[in-house]
Structure formats: structure tokens, C-alpha cells
Amino acid sequence: MTTIAVLGAGKIGEALLSGLLQGGREADELLFTEKHPDRSAALTAQYGIEGLDVAGAAQRADVLVVAVKPQDIEPLLDELAPALKPGTLVVSLCAGLPTTLFERRLPDSTPVVRVMPNTPMVVGEAMSAVSAGRYATGEHLDLVEELLSTVGRVARVPESQQDAVTALSGSGPAYFFYLVEAMIDAGILLGIPRDLASSLIIQSAVGAATMLSEGGQHPTILREAVTSPAGTTIMAIRELERHGVRAAMLAALEAARDRSVELGRAHEVD
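For the sequence shown, UniProt numbering assigns the number 1 to the initial residue and increments by one for each residue that follows.
Derived from the structure by calculation, the hints contain no laboratory data. Worth double-checking, as some hints may not be accurate.
Said to hold, decoys possible - DSBU-like mimics (lysine-lysine), calculated; alpha carbons at most 35 Å apart, straight line:
1. K11 with K35
2. K85 with K35
3. K11 with K69
4. K69 with K35
5. K85 with K69
6. K85 with K11
Stated by the list, open to error - Pair ranges (Cβ atoms, derived):
7. L200 with D38: 35 to 43 Å
8. P158 with H218: 21 to 29 Å
9. S149 with R246: 30 to 38 Å
10. A248 with T3: 42 to 50 Å
11. G138 with P86: 18 to 26 Å
12. M211 with A42: 33 to 41 Å
13. I237 with L200: 17 to 25 Å
14. R242 with L196: 23 to 31 Å
15. R246 with I202: 21 to 29 Å
16. T220 with D258: 21 to 29 Å
Don't be surprised by glycine CBs; every beta carbon is placed ideally from N, CA and C.
Required output: the full structure, derived from the provided sequences and hints.
Written out as C-alpha cells, the structure is:
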């Protein structure tokens, strides 16, 4: 039996625990840490999983999933390093933090796998990208993929691409929410009640995502199928191009990528 501890049971940590249970893991195979006692008690009551401190989790778990915010990593590593068992697999879900940070701060030869998930994990539709650190093997990657497949899809990428992945899929859901929010506002501007505008746009988004996921066609082909000569859609597309929406998206993702790089550099040693 492989014991898995999630260090940091926020939204992503809780979603992973829930997904692992739904995927067939038993509650006694899982552990978690949570700094707020009330939330820890609530999670134990809901899922039947034991909550404990970082040192206790490190001493009992075979796999430690680090799911804290990047700014909270230093004190967690201070607690974790002296308690970590040899051979324990460390899986980082922390945006921007390279595997070298964990390898430098944890005992020699600790296997580390870096993961960039996203928030659709809470509904079992995450997109997670995984990368092996210096000491992680193919078997370690296989195990991480198995765990993450309970909450969505998984892809392997070189770690050099993780900052770009963070910009694309890690932050990606926010871009879609932003666009849907703007389209709902546009519906209100056009005289449609908010509830109806929300229903129209959200279902359109669900349908479009399904066509992209299951149809196997390039998004350009799908867009062109809706874009009739001199029709309503091409007039809207012209305005999007005139306002530089495509260029703005390229610039936005570059900015997100650069911020991910900065988060990693903040923990570099001189």
C-alpha cells in the first residue's frame, strides 16, 4: 500500500484527496496537513482522512504532494527536511518552483516531480503537466500520472516548458472565465437579462469545449464553420481583430510566463 500525504489541503489539495478517493484509494492510504484546525476537522469528518502535522506526514507517507502557495514554501521545507524518509517521492504542485529548489533543500537524492495542475481539478477535469527532477525515475512519473488521472488529464513535459505551461493551462481557466464574464456583460448591454445571458454563454462555452475536445478538428476550422460571408460572426471577428484581442492574449500569456519564472528565481541562492 502506498501512503499519500497532501501538504496543504486548500481547494487543489482537497480536490486531489477527493479524486483519489473516487479513484479507488482508501481513506487510510491518505493523509493531509492543514494549518487551520477547524478546516482540518471538517475535512476529516467529510472524507474520513487523518489530518496531522508536516513532520508526522513525512514520517508516514511514501508520497508527499506539496500543495501550498509558492510564498509559503520556505517554512514548509524547513519543517519537512529533517523529517523526510529516504526515498520518499515529493510531488510539487507549486507554481513556478523548480525541482532544484526541493532537491537543494531536502536530503540528497530525494526524487521530485514538478506538476502544474489547474483549478478544474475540483470537478475532475484538470489539465496537469508533469516533469521529472534529477532523481525522479520513469516509475515515479508513472505513479504521479496514475494519481493525477483521477482528477483529469495528464501530459509529460520537459521542466524547461513548465513556466509556459503555467501561463497556458495553469492560469488558463481564468482567461476563459474572464471572457465569459465579458460576454455576459455584453448580453446585458444588448438587453438580455443577466440570468438568461449567463445560461446562453455558459452552455455555448460547454458545447464549444466539447466540440474542441471530441471533434478532433482545428479551432480555425470550427470557427470558420460559424463564420458566414457578410454575416454576424465575421462582423464580430473584425471588431476583435481591430481591438487587438489576439495580440493582447499573446502578451498576456508572455506576462504570465514571465511571472512564473520570477516566482522560481525568488528562491534561488546567490
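Straight-line Cα separation of K85 and K69 no greater than 35 Å?
23 Å, holds
Holds or violated: 35 to 43 Å for the Cβ distance of L200 and D38?
For L200 and D38 the Cβ distance comes to about 40 Å; the hint holds.
Looking only at beta-carbon atoms, does the pair R246, I202 fall within the given range of 21 to 29 Å?
Since the Cβ atoms of R246 and I202 sit about 23 Å apart, the hinted range of 21 to 29 Å holds.
Holds or violated: 18 to 26 Å for the Cβ distance of G138 and P86?
Given range 18 to 26 Å: holds, Cβ gap about 20 Å.
Please work out if K69 and K35 have their alpha carbons no farther apart than 35 Å.
13 Å, holds
Could you see if the CB distance from M211 to A42 stays within 33 to 41 Å?
39 Å, holds
Does K11 pair with K35 here, judged by a C-alpha cut-off of 35 Å?
14 Å, holds
Is the gap between the beta carbons of S149 and R246 within 30 to 38 Å?
Roughly 33 Å apart at Cβ, these two residues keep to the hinted range, so it holds.
Range agreement (Cβ of L200 with Cβ of I237, hint 17 to 25 Å)
Check passed, 19 Å falls within 17 to 25 Å.
Run the distance test for K85 versus K35: straight-line Cα separation, threshold 35 Å.
22 Å, holds
Compare the distance between the alpha carbons of K85 and K11 with 35 Å, and conclude whether the hinted pair is satisfied.
27 Å, holds
Between the beta carbons of R242 and L196, is the distance compatible with 23 to 31 Å?
This hint holds: roughly 28 Å between Cβ atoms.
When held up to the earlier numbered hints, the structure conflicts with none and fits them all.
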